[in-house]
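Enquirer: Since the structure of chain D is provided, determine the placement of chain F on it from the hints.
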Amino acid sequence: MTTPREADVLVIGGGGAGCSAALHLARRGAHVVLLERGLVGSQASGSNYGGVRQQGRHPAELPVAKRSHELWKRLPQLIGTDCEFVQTGHLKLARSEAEAAELAAYLDVARSHALELQLLGRAMLRARYPWLGPSVVAASFAPGDGSANPRLLAPALAQAARESGAAILEHTAVTACHHGGGRFLLETAAGPFTAPRLLNTAGFWGGQLAASFGEPVPIRHLTPNMMVTEPVPYFIRPNIGVAGGGVYMRQIPRGNIIIGGGHGTGDPSVPMSRPSPEVTLQVMQRAVALVPDLAGVSVIRSWSGIDGILPDKIPVVGPSLTTPGLFHAFGFSGHGFQLGPAIGAILCELALDGRTETPLDGLSIGRFARAALPVG
Amino acid sequence: MRVAVVGAGPAGVRAVGQLVRAGLHPLWIDEAPDGGGRIYQRPPPGFRRSPQALYGLEARKATALHAALDALKPRADWRPDTLVWNIATHPGRLNLMRDGVATEQGFDAAILCTGAMDRVVPVPGWTRPGVTTLGAAQIALKAQGCAIGQRVALVGSGPLLWLVAYQYLRAGAGLAAVLDTTPFRRKLQALRGLPHDPATLAKGLFYVTRLRAAGIPVAEGATPLAIEGEAPDVVAALRWRDAAGREHRLECDAVGLGWGVRPELQLADLAGVPIGFDPVQHNWVPQRDLTGRTPVAGIYLAGDGAGIGGAAVAELAGARAAQALLADAGLPVDTALVARLERRLLRQARFRTALERAFPFPAHLAAAMPDETILCRCESVTAGELRAAAAPDGPHGASPEVNRAKAFTRIGMGRCQGRVCGAAAAEVLAARLGCDTAAIGRLRGQPPVKPLPIPQPEAAP
Chain D
1 MTTPREADVL VIGGGGAGCS AALHLARRGA HVVLLERGLV GSQASGSNYG
51 GVRQQGRHPA ELPVAKRSHE LWKRLPQLIG TDCEFVQTGH LKLARSEAEA
101 AELAAYLDVA RSHALELQLL GRAMLRARYP WLGPSVVAAS FAPGDGSANP
151 RLLAPALAQA ARESGAAILE HTAVTACHHG GGRFLLETAA GPFTAPRLLN
201 TAGFWGGQLA ASFGEPVPIR HLTPNMMVTE PVPYFIRPNI GVAGGGVYMR
251 QIPRGNIIIG GGHGTGDPSV PMSRPSPEVT LQVMQRAVAL VPDLAGVSVI
301 RSWSGIDGIL PDKIPVVGPS LTTPGLFHAF GFSGHGFQLG PAIGAILCEL
351 ALDGRTETPL DGLSIGRFAR AALPVG
Chain F
1 MRVAVVGAGP AGVRAVGQLV RAGLHPLWID EAPDGGGRIY QRPPPGFRRS
51 PQALYGLEAR KATALHAALD ALKPRADWRP DTLVWNIATH PGRLNLMRDG
101 VATEQGFDAA ILCTGAMDRV VPVPGWTRPG VTTLGAAQIA LKAQGCAIGQ
151 RVALVGSGPL LWLVAYQYLR AGAGLAAVLD TTPFRRKLQA LRGLPHDPAT
201 LAKGLFYVTR LRAAGIPVAE GATPLAIEGE APDVVAALRW RDAAGREHRL
251 ECDAVGLGWG VRPELQLADL AGVPIGFDPV QHNWVPQRDL TGRTPVAGIY
301 LAGDGAGIGG AAVAELAGAR AAQALLADAG LPVDTALVAR LERRLLRQAR
351 FRTALERAFP FPAHLAAAMP DETILCRCES VTAGELRAAA APDGPHGASP
401 EVNRAKAFTR IGMGRCQGRV CGAAAAEVLA ARLGCDTAAI GRLRGQPPVK
451 PLPIPQPEAA P
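If you're matching them up, the sequences are chains D and F in order. So for the first sequence, UniProt numbering puts the first residue at 1; every next one is plus one. So for the second sequence, UniProt numbering puts the first residue at 1; every next one is plus one.
If we strip away everything but chain D, and leave its shape as in the complex, we get:
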């Protein structure tokens, strides 16, 4: 057998989290090798909506989101490009009194995490966003949130990591994974690799990897249904969501409107994913109900990608409970794009220092230990 190439840290999966981890590790002088089956940022990290949002997040995620927010603002200094990150604000709409109450309830969560949030009533909404349809009754606005181009983030992080000395190996699938004597040994078509520490940033497939270390989690695949319109004059400034979900949209200054909602179909074993035509039509209808001026604007493309979703819709982030040196960050449940930069910083600290300043309470893989279900 070929002598394995030695590294300090191995990373499986080149999404936003894995590429950010490779970058932070390389900047700390660690010898890091990232193994990616396809091209970096191909699945959830590259095909998502591009929301960079703290509003509405589960309290357990907010410390990570806040740390990531600071990194997003410093991307040009960090990696030489802003990945089209803009702080347009995130406007979450309510279409009923019940939804308005849901928005109001989140104010307490926001306050306890020092997240700036403004509740807007009907009159204020009409004054600020005259293009909103009559179904919208209230909204909450997070001025610091925004959006970015998901196609750019993981490749840009990977490129910066390469320039800092990381080995980013694309088209290099891990075919077998062994652990013994305090070391991990990964087999790939490019030969074997070994290191004392391993980061699991494999998205949906992170579930299989965790299971292979005796830590199964009830993960399912998630295929967001995404579409984009032809460019029209720029009028939707904030990134828009709704209480209860089902549709979200943002416009980029060049004019295209990116609209998401619902799910397509996919097969992670290929992997392949595709949008669903029925869902595309439904979401077009939901979008035009919120913004009537969208009528007549053409959708020019739709797509999907594969993410992993856990039952509580928050990711697994933190050390393995079965295997020392193994650290997980996967199952971002459809909202990992904003978290990626901070996840990399946190994994770097966990791998090199054994601890991180960022609270990860509630994100441990241990929460599934008792109710271990078959991996789906």
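Quick caveat, the hints were computed from the structure, so don't treat them as lab data. Treat the hints with caution; some may be incorrect.
Said to hold, decoys possible - The following label-pair restraints were derived from C-beta to C-beta distances: (1) D:191 - F:334: 55 to 65 Å; (2) D:357 - F:364: 55 to 65 Å; (3) D:298 - F:172: 36 to 46 Å; (4) F:89 - D:175: 23 to 33 Å; (5) F:434 - D:175: 27 to 37 Å; (6) D:97 - F:108: 45 to 55 Å; (7) D:191 - F:337: 57 to 67 Å; (8) F:434 - D:180: 39 to 49 Å; (9) F:438 - D:255: 32 to 42 Å; (10) F:438 - D:135: 45 to 55 Å; (11) F:456 - D:255: 20 to 30 Å; (12) F:364 - D:70: 22 to 32 Å.
As the list claims (entries may be wrong) - According to the in silico footprint, chain F covers these stretches of chain D (three or more CB under 8 Å from chain F): (13) 151-164; (14) 284-298.
Bear in mind that the values here come from a model prediction, so they are computed numbers and not experimental data. We put the CB at the ideal spot given by N, CA and C, even for glycine.
Expert: Showing chain F alone in chain D's frame:
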């Protein structure tokens, strides 16, 4: 059995003809209001120009196809003005859009006759109003009875260049010049294969002779350099270089550009038919056999959408694919007809290979495209931006294939989804990276096949 035929050009009409003859009542969908395909596109109601004037030497074929089309409409579930924007198989399902209303149709077997579209190599200034593809220049004449300008320069290569030039001449439209980018020598070498179809060869020679006799300047081995005008929205001249290397400035007010055609294969792609690069056609083509069968059960392909063969081949292939569908469905097959169709299809395939060699895609023009040329006109991406994005030292790393380049530069992300610029973009990228066009890949097919308008909001409950 629910059978669907997409397209009512030469392939679609002949496919439906065979299905109806076998007693089926197929669902028949076409984007145009009255069928005919691009080649035999019909003028709107009330236009009085004769088929002779509209289709020239092809008038007899056009008239015959239109007659067949009209006779078949009442015997099929005819859906004109309808876009098929998505397809799924197992179970088969077509997503349709007509007048802004979306519907869905199931099918057990489908024949996709989706045709072709122009293959273009952008030239600096090609986004000026007055510059069209050769196909569009021809459609303006056929469907609207007008020319694209008063003094039209036609540039490109392939049979369509000479056909459009001849049709413009016949229609009395002003022609400034016809510039063929293929060197005469190259065509001569390939002539060996052309006598497989002497009629087509004779037609080509006839066109060139008539143009020369009419005093239209004709050049071979030409290189277009730039389309110019004082204001950004006019065409005043075409700068070009002749085979001897001399530069010329041709005054004109419109330019038609085209280098052959490429299959419109999005539906085949979405249906899961494997797509491969055909080095002779220099096109991505869906996988199918001589009968029109694909590796996807229930999906048949015919006409230019299945690989470029031209209108005559499309008629044969449409009929052949319908017979294959009937055979697979356990229905009676006309074996004599099948044998005759296959003989003629094989003969045409040999001719086609020679034709492709005579008029090769000018990859060298794409490779030499100046950096400032707008390559993707929907998104205003220049050739230079694509080349920079492909470089390994760019801010996002290298683009080893065209979809990654699209992600970084937005090339092919606009309204046309790369249908216009995709082929040239792949050439520019391949030349920059020093690899084969096939290795660059092709833009992934993603629904909708064409833009899909968002409907009016539903009335509040």
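Enquirer: Mind listing which of the numbered hints don't hold for this structure, in increasing order?
Expert: Number 12 only.
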